[in-house]
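Novice: Taken in order, these protein sequences are the chains called A and B. Yeah, the first sequence ends on 321 if you go by the working numbering, and it's all consecutive. Yeah, the second sequence ends on 1535 if you go by the working numbering, and it's all consecutive.
Any given hint could be a false lead.
[To be verified] Examples of chain A residues lying across from chain B (beta carbon under 8 angstroms, computed):
1. Ser88
2. Met99
3. Glu103
4. Pro138
5. Val160
6. Ser161
7. His163
8. Gly204
9. Ala205
10. Val224
11. His226
12. Ser229
13. Leu231
[Stated by the list, open to error] Listing some non-contacts, in silico: residues in chain A with all C-beta distances to chain B over 10 angstroms:
14. Phe10
15. Ala17
16. Val26
17. Leu45
18. Glu49
19. Asp57
20. Ala85
21. Arg126
22. Ala139
23. Glu183
24. Trp220
25. Asp311
26. Val315
For the record, the hints were derived by calculation from the structure and aren't laboratory data. Just so it is clear, CB atoms sit at the ideal spot from N, CA and C, and this is done for glycine as well.
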Amino acid sequence: MAKGISRREFLILAGQAGALLAGAGVVRSLGQSSKATAVVPRQRLGNPELLAVAHGDILGKSEREAEALLRACLEPLGGIKTFVAPGSKVVIKPNVAFMRTPEQASSTNPLLVTAMATLCLQAGPREVVIFDHTIDTPADVCLSMTGMVEAARKGKAQLVSGHEQSAYQQVSIPRGRVLTSAEVHRVVLGADVLINMPIAKVHGATGATLGMKNLMGVVWNRGVWHSSSSLDQCIADFSTAYPATLTVIDGQRVLLTNGPKGPGRTEDKHAVVAGVDPVAVDAYSAGLLGFAPERVAHIADAARMGVGQMDLRKVRVVKVS
Amino acid sequence: MASPAQKSKGASETRVVRTRRTVQVAALVVFLLLFAAAIGPWRFPIPPELFLRIDPLVAAVTLLSAQTLSRSIIVSIALFALPVAALGLLTERAFCGWLCPLGTVVDISDRLFGVRQARRHVAVPWLKFAVLGAVGLGGLAGLSLLFLVDPIVLLTRSLTLGAVPGTQAALKRLADLPAVGPIASLLPYVGLPQWVYRSSIISAGILIGVLALSAMGRRFWCRNVCPLGAMLGLMGRAAVLRLRIGQPCAGCDACVRACKMDAIKGGEKAAYISAECVSCYSCVGICPEGQISIVGPVRHESRSVQLNVPRRRVLQAGALGIGWALLGKFDVGAARSESGAPVGNPYLLRAPGAAPEQEFLRRCVRCAQCIKVCPNGALQPALAEAGAAGFWTPVLVPRINYCSEPCNACAQACPTSALEPFEIREKKWLFIGTAVIDRSRCIAWNSDKVCLVCDEQCSYKAVYWQTVDGRRRPFVNDQVCVGCGICENKCPVGPEAAIRVFNFGDKRDWTRERQKRFRASARPLGEQYTLLPIE
Chain A
1 MAKGISRREF
11 LILAGQAGAL
21 LAGAGVVRSL
31 GQSSKATAVV
41 PRQRLGNPEL
51 LAVAHGDILG
61 KSEREAEALL
71 RACLEPLGGI
81 KTFVAPGSKV
91 VIKPNVAFMR
101 TPEQASSTNP
111 LLVTAMATLC
121 LQAGPREVVI
131 FDHTIDTPAD
141 VCLSMTGMVE
151 AARKGKAQLV
161 SGHEQSAYQQ
171 VSIPRGRVLT
181 SAEVHRVVLG
191 ADVLINMPIA
201 KVHGATGATL
211 GMKNLMGVVW
221 NRGVWHSSSS
231 LDQCIADFST
241 AYPATLTVID
251 GQRVLLTNGP
261 KGPGRTEDKH
271 AVVAGVDPVA
281 VDAYSAGLLG
291 FAPERVAHIA
301 DAARMGVGQM
311 DLRKVRVVKV
321 S
Chain B
1001 MASPAQKSKG
1011 ASETRVVRTR
1021 RTVQVAALVV
1031 FLLLFAAAIG
1041 PWRFPIPPEL
1051 FLRIDPLVAA
1061 VTLLSAQTLS
1071 RSIIVSIALF
1081 ALPVAALGLL
1091 TERAFCGWLC
1101 PLGTVVDISD
1111 RLFGVRQARR
1121 HVAVPWLKFA
1131 VLGAVGLGGL
1141 AGLSLLFLVD
1151 PIVLLTRSLT
1161 LGAVPGTQAA
1171 LKRLADLPAV
1181 GPIASLLPYV
1191 GLPQWVYRSS
1201 IISAGILIGV
1211 LALSAMGRRF
1221 WCRNVCPLGA
1231 MLGLMGRAAV
1241 LRLRIGQPCA
1251 GCDACVRACK
1261 MDAIKGGEKA
1271 AYISAECVSC
1281 YSCVGICPEG
1291 QISIVGPVRH
1301 ESRSVQLNVP
1311 RRRVLQAGAL
1321 GIGWALLGKF
1331 DVGAARSESG
1341 APVGNPYLLR
1351 APGAAPEQEF
1361 LRRCVRCAQC
1371 IKVCPNGALQ
1381 PALAEAGAAG
1391 FWTPVLVPRI
1401 NYCSEPCNAC
1411 AQACPTSALE
1421 PFEIREKKWL
1431 FIGTAVIDRS
1441 RCIAWNSDKV
1451 CLVCDEQCSY
1461 KAVYWQTVDG
1471 RRRPFVNDQV
1481 CVGCGICENK
1491 CPVGPEAAIR
1501 VFNFGDKRDW
1511 TRERQKRFRA
1521 SARPLGEQYT
1531 LLPIE
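Given only the sequences and the hints, what does the whole structure look like? Please build it.
Specialist: Quick look at the structure:
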């Protein structure tokens, strides 16, 4: 029988290959530190004392109408160009945690997500990414059921699903009272602009889920927030370190029972709320669900920590329609 | 140095052998493609579990072991297994020689072992009939022993448990690389949770063991062990297409050496054993006298000898099979409640649509096809928790993952209807189990924390909250809970969840209609709560 390779040659070759792989591993591990790194604060843009509320029915309408409503809503805040600079990296974070259809109002209206991606692209960014770490698995099914796959395609944005732990990085939360560190997805950490786009829903544990609560979806381990001494405080803590650049609440159709997953009773409010101050946006939007802001503990906690303004009398609300 | 057992190549390779080889490779490729495509509830015109459904032994033993025959079993057998059984009547063991994916894999492994194998040639051809006896009589006694020895079952399960997790992990790594990433990402494997299976090393080991048998002669498994081969061999006695070894025969034994199945008796008057012939036709072109040919129904002067099937061995093995089946019933781990659920394990959960436990155990062939298709990787092979008779049957392990709401993949994939197929809308009332909150361990009950993850996650709104002592506490509406396990999976209390799915009550004993009525009569409970409609 013809011999291709001797045992000795094979062992030497295997050893070389192993050494090469090990070396590559070392080089790779040098690049990424496993320790918690301090968060580089994202640039704050826009006027935090302004809140824009747009009214207009886009349910069952087209992306064009959604875009018009969103543009009108952002106008008082200075338009999308205030936030998205040419060449910047934009991440849009909708709430698409559960396997529900858009009509069930458990996930952000895909028309609004497409409209936001389209608006952002008009400002000439480097890239626009739609990101969520879905709770229901398989993530692919969840993303297509909620209409996000189509929304990303129509908005010419990249869709990133955060279902691999390796893509998360431990970051410290210096001002956190309960939550002192969290694993945040690298796509979100690397964004110049984070646009938080939740839908307004009632929530068993926190009363309401709005902007700050939605950012739980950029961390890997959410269970530790729930089992900590205070889930509400964790949400507030996270917002001290990593607030969104801009929060836009989908109040077109809100979920009033069986939240946050639903399906439950919904009500069509035809509203979109936008603002820079995450606390003020949430405080206003809690009203869409029939909550006084101080009744939602994490809003009150965040206000107490100075993240933003909960007292709506001290915020200028501009209504457009 | 050429060993005498090595087949001489080139000149002797007739067209029929080349065709057969092409068919073999094509069948293996089809098997592997269907296997790879079997994920989630997505179906093609061809069912991904095709080879399990066409396996006539799976069909036959299921007919013996199942107590009740559902419509889905009968339809599947009539549609898929009967045609292949008919092929067995037409052409001896052509299934083994042309179509069986394990047979082809063994052929490949035989080639890899090359010259080495002939040195210790082992032939115990009666063994496979004994195995068939054990499987058949064990089946009559109510246990499908097929899971150990059916070639398609063995291959499907070994690949699922042994090869799929590693392949998926590798694909996920590939998807991270810049060059091939975008292409790899298109594969559904990449976007799914990483699957991990218990006992995967045992399953992989068994397949490797079967392949290693090549060291004791070509097609060792098929010649000596395979009960499907034995069954087709017995049926092949009446085959229409046969070999003909004519005269004059020079007694050169070239055909004997060419035959990988030891099916030709050499010497001056060569003859072949029809129960062993896999119709590979390697012998046809090799005879220097040109005396070996394939004959049709008209010319019946073919010379074949009957294999002496040792009845005593078959009966002995059959007794072992019955013994095993009975031991399974009296096994301590399998002590059962009135409904058939094991008393020893209140957490034993089956996939949705599973037949009542006793019937389930009679039908399940442990092919792991349901485990393969589960996109969440929530189904696992049972080790000891289902009793000795339940080894390798599928169990839902919520702590690993839960049963996803818009999915009915496992029940569609089951070739023997141990899991009865259902529509996704029926999932609201098909009971897997019922979640129970352990208030002494639940942090919303014992430490006043705002948790309610179970309430948040519940897809069917069976978990709800009520204010008790000024705090929101979770409750379970047992008429709504189907036991999908999402609450147990997401519960932040560890290592064991504070909400766990029990099989007690065992509502899957009920007819589907009764399960639906029970679900439909549920009352809405709790604050901020709307009961979901049943339809």
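Novice: Determine for every hint whether it applies to the structure shown.
Specialist: Structure-based check of each hint:
1. Hint status for A:Ser88 relative to chain B: violated, with the closest Cβ pair at about 23 angstroms, above 8 angstroms.
2. Contact between A:Met99 and chain B, as hinted, is supported at the beta carbon level, the nearest pair being about 6 angstroms apart and thus within 8 angstroms.
3. Below 8 angstroms, beta-carbon pairs count as interface contacts, and A:Glu103 has none with chain B, the closest being about 14 angstroms; its hint is therefore violated.
4. This hint holds: A:Pro138 has a C-beta 5 angstroms from the nearest C-beta of chain B, less than the 8 angstroms allowed.
5. Restraint check, A:Val160 versus chain B: the minimum CB separation of about 11 angstroms is more than 8 angstroms; hint violated.
6. For A:Ser161, the suggested interface contact is upheld, since its CB lies about 7 angstroms from the closest CB of chain B, less than 8 angstroms.
7. The beta carbon of A:His163 comes within 7 angstroms of a beta carbon in chain B, closer than 8 angstroms, and the hint placing it at the interface holds.
8. With its C-beta approaching chain B no nearer than about 4 angstroms, A:Gly204 sits inside the 8 angstroms limit, and its interface hint holds.
9. A least Cβ separation of about 4 angstroms between A:Ala205 and chain B falls short of the 8 angstroms threshold, and the interface hint therefore holds.
10. Given hint, A:Val224 at the interface with chain B, holds; its Cβ is 7 angstroms from that chain's nearest Cβ, closer than 8 angstroms.
11. Against a cut-off of 8 angstroms between C-beta atoms, the interface hint on A:His226 holds, since the closest Cβ of chain B lies about 5 angstroms away.
12. Here the hint on A:Ser229 is kept, as its CB sits about 7 angstroms from the closest CB of chain B, short of 8 angstroms.
13. Residue-level restraint check for A:Leu231 holds (minimum Cβ-Cβ distance to chain B is 5 angstroms; threshold 8 angstroms).
14. Residue placement check: A:Phe10 keeps its beta carbon more than 10 angstroms from all beta carbons of chain B (closest about 16 angstroms).
15. Its beta-carbon lying about 16 angstroms from the closest one in chain B, A:Ala17 satisfies the requirement of being farther than 10 angstroms from that chain.
16. Residue placement check: A:Val26 keeps its beta carbon more than 10 angstroms from all beta carbons of chain B (closest about 17 angstroms).
17. Every CB of chain B is more than 10 angstroms from the CB of A:Leu45 (nearest about 32 angstroms), matching its label as outside the interface.
18. For A:Glu49, the condition that its CB be more than 10 angstroms from all CB atoms of chain B holds, with the nearest at approximately 31 angstroms.
19. No beta-carbon of chain B comes within 10 angstroms of the beta-carbon of A:Asp57; the shortest separation is about 24 angstroms.
20. Annotated as non-interface, A:Ala85 keeps its C-beta farther than 10 angstroms from every C-beta of chain B; the closest such distance is 27 angstroms.
21. The Cβ of A:Arg126 sits about 17 angstroms from the closest Cβ of chain B, beyond the 10 angstroms cut-off, so the non-interface label holds.
22. With a minimum CB-CB distance of about 6 angstroms to chain B, A:Ala139 fails to clear the 10 angstroms threshold, and the non-interface call is violated.
23. Listed as a non-interface residue, A:Glu183 keeps its Cβ farther than 10 angstroms from every Cβ of chain B; the least gap is roughly 15 angstroms.
24. Here A:Trp220 stays apart from chain B, with its beta-carbon at least about 13 angstroms from theirs, past the 10 angstroms limit.
25. The claim that A:Asp311 lies off the interface holds: its Cβ sits roughly 24 angstroms from the closest Cβ of chain B, which is beyond the 10 angstroms cut-off.
26. For A:Val315, the requirement that its beta carbon stay farther than 10 angstroms from each beta carbon of chain B is met, with the minimum near 27 angstroms.
Violation of the numbered hints given earlier is confined to hints 1, 3, 5, 22; the remaining hints are satisfied by the structure.
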